[in-house]
Amino acid sequence: NAGVTQTPKFRVLKTGQSMTLLCAQDMNHEYMYWYRQDPGMGLRLIHYSVGEGTTAKGEVPDGYNVSRLKKQNFLLGLESAAPSQTSVYFCASTIAGGPNEQFFGPGTRLTVL
Amino acid sequence: ELKVEQNPLFLSMQEGKNYTIYCNYSTTSDRLYWYRQDPGKSLESLFVLLSNGAVKQEGRLMASLDTKARLSTLHITAAVHDLSATYFCAVVGFSGNTPLVFGKGTRLSVIA
Numbered sequence: 003n004a005g006v007t008q009t010p011k012f013r014v015l016k017t018g019q020s021m022t023l024l025c026a027q028d029m030n031h032e033y034m035y036w037y038r039q040d041p042g043m044g045l046r047l048i049h050y051s052v053g054e055g056t057t058a059k060g061e062v063p064d065g066y067n068v069s070r071l072k073k074q075n076f077l078l079g080l081e082s083a084a085p086s087q088t089s090v091y092f093c094a095s096t097i098a099g100g101p102n103e104q105f106f107g108p109g110t111r112l113t114v115l
Numbered sequence: 174e175l176k177v178e179q180n181p182l183f184l185s186m187q188e189g190k191n192y193t194i195y196c197n198y199s200t201t202s203d204r205l206y207w208y209r210q211d212p213g214k215s216l217e218s219l220f221v222l223l224s225n226g227a228v229k230q231e232g233r234l235m236a237s238l239d240t241k242a243r244l245s246t247l248h249i250t251a252a253v254h255d256l257s258a259t260y261f262c263a264v265v266g267f268s269g270n271t272p273l274v275f276g277k278g279t280r281l282s283v284i285a
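Chains as they are written, first to last, in our numbering: chain A, 3 to 115; chain P, 174 to 285.
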């Protein structure tokens, strides 16, 4: 099992460019999450999904969109990147029910110039 | 709104000493998680605490949960350099599979 994987690992964008971050998990988890991590801020939830075809907003959703077309994949899109979106992005997944322990991907370091 | 506070946010300890990190949360919850993060790395699950009075231990780390006080502690015994990392606690709201809310993390540095 690869667990939770993220693509790409690093990316540099110019202001106004768009990009999509891909999260994939092979654990058959129902729930998937996107977080951003900034110095001194801990992890903040951007969007999450409780199943294929469903998404919901988290604490800091503005400027991001998500899609969950397949159970194993959760995409995070930036339509028009801004310097304030410079961050490290983590994807996580967990099974429905149970202890809700989340498993994290390796992260994507994004810089917006 | 569920809020999670950790203290201290920064901790420098000498090798061999003991210390405790505190995690307070603002609303009822019966699930609390501790994670470790090394610099430039992802989060690694340490403990899952699922009931009042739960205590779990792994090596020099011991975590406990008091749901009545809305408090969890992470106790470090006889610290060693390898424990240097950032430790996060996270809490689920009482309604069950709602997303985790994380504390801001405690950056631990163990020095000789």
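Check each hint, because a few of them may be wrong.
[Claimed, not checked] Residues on chain P that point at chain A, a partial pick, calculated with CB under 8 Å:
no., residue
1, TYR195
2, ARG209
3, SER215
[Unchecked claim] SDA-like cross-link-like pairs, simulated, lysine to any residue; straight-line CA separation at most 20 Å:
no., chain 1, residue 1, chain 2, residue 2
4, P, LYS214, P, LYS176
5, P, LYS176, A, LYS11
6, P, LYS176, P, ASP211
7, P, LYS277, A, GLY5
8, A, LYS16, A, THR113
9, A, LYS11, P, SER202
10, P, LYS277, P, GLU188
11, A, LYS11, P, ALA227
12, P, LYS277, A, THR9
13, P, LYS214, A, ARG111
14, P, LYS214, A, THR113
15, P, LYS176, A, GLY60
16, P, LYS176, A, ASN75
17, A, LYS72, A, THR113
18, P, LYS214, A, LYS72
19, P, LYS241, P, THR259
20, P, LYS229, A, ASN102
21, P, LYS277, A, LYS11
[Said to hold, decoys possible] Not close to chain P: a few residues of chain A, all C-beta gaps over 10 Å, as computed:
no., residue
22, LYS16
23, THR17
24, LEU47
25, THR56
26, GLN87
27, ASN102
28, GLN104
29, THR113
It is worth saying that the hints were derived from the structure and are not from the lab.
None of these values were measured; they are calculated from a predicted model.
Glycine included, C-beta positions come from ideal geometry on N, C-alpha and C.
Okay, the hints, checked on the actual structure:
no., hint, in the structure
1, TYR195, "violated, 15 Å"
2, ARG209, "violated, 11 Å"
3, SER215, "holds, 5 Å"
4, P:LYS214 <-> P:LYS176, "violated, 25 Å"
5, P:LYS176 <-> A:LYS11, "violated, 30 Å"
6, P:LYS176 <-> P:ASP211, "violated, 24 Å"
7, P:LYS277 <-> A:GLY5, "violated, 25 Å"
8, A:LYS16 <-> A:THR113, "holds, 8 Å"
9, A:LYS11 <-> P:SER202, "violated, 34 Å"
10, P:LYS277 <-> P:GLU188, "violated, 24 Å"
11, A:LYS11 <-> P:ALA227, "violated, 37 Å"
12, P:LYS277 <-> A:THR9, "violated, 25 Å"
13, P:LYS214 <-> A:ARG111, "holds, 11 Å"
14, P:LYS214 <-> A:THR113, "holds, 17 Å"
15, P:LYS176 <-> A:GLY60, "holds, 14 Å"
16, P:LYS176 <-> A:ASN75, "violated, 29 Å"
17, A:LYS72 <-> A:THR113, "violated, 28 Å"
18, P:LYS214 <-> A:LYS72, "violated, 27 Å"
19, P:LYS241 <-> P:THR259, "violated, 26 Å"
20, P:LYS229 <-> A:ASN102, "holds, 17 Å"
21, P:LYS277 <-> A:LYS11, "violated, 23 Å"
22, LYS16, "holds, 24 Å"
23, THR17, "holds, 25 Å"
24, LEU47, "violated, 5 Å"
25, THR56, "holds, 13 Å"
26, GLN87, "holds, 19 Å"
27, ASN102, "violated, 6 Å"
28, GLN104, "violated, 6 Å"
29, THR113, "holds, 15 Å"
When the structure is compared with the earlier hints, violations turn up for hints 1, 2, 4, 5, 6, 7, 9, 10, 11, 12, 16, 17, 18, 19, 21, 24, 27, 28 and for no others.
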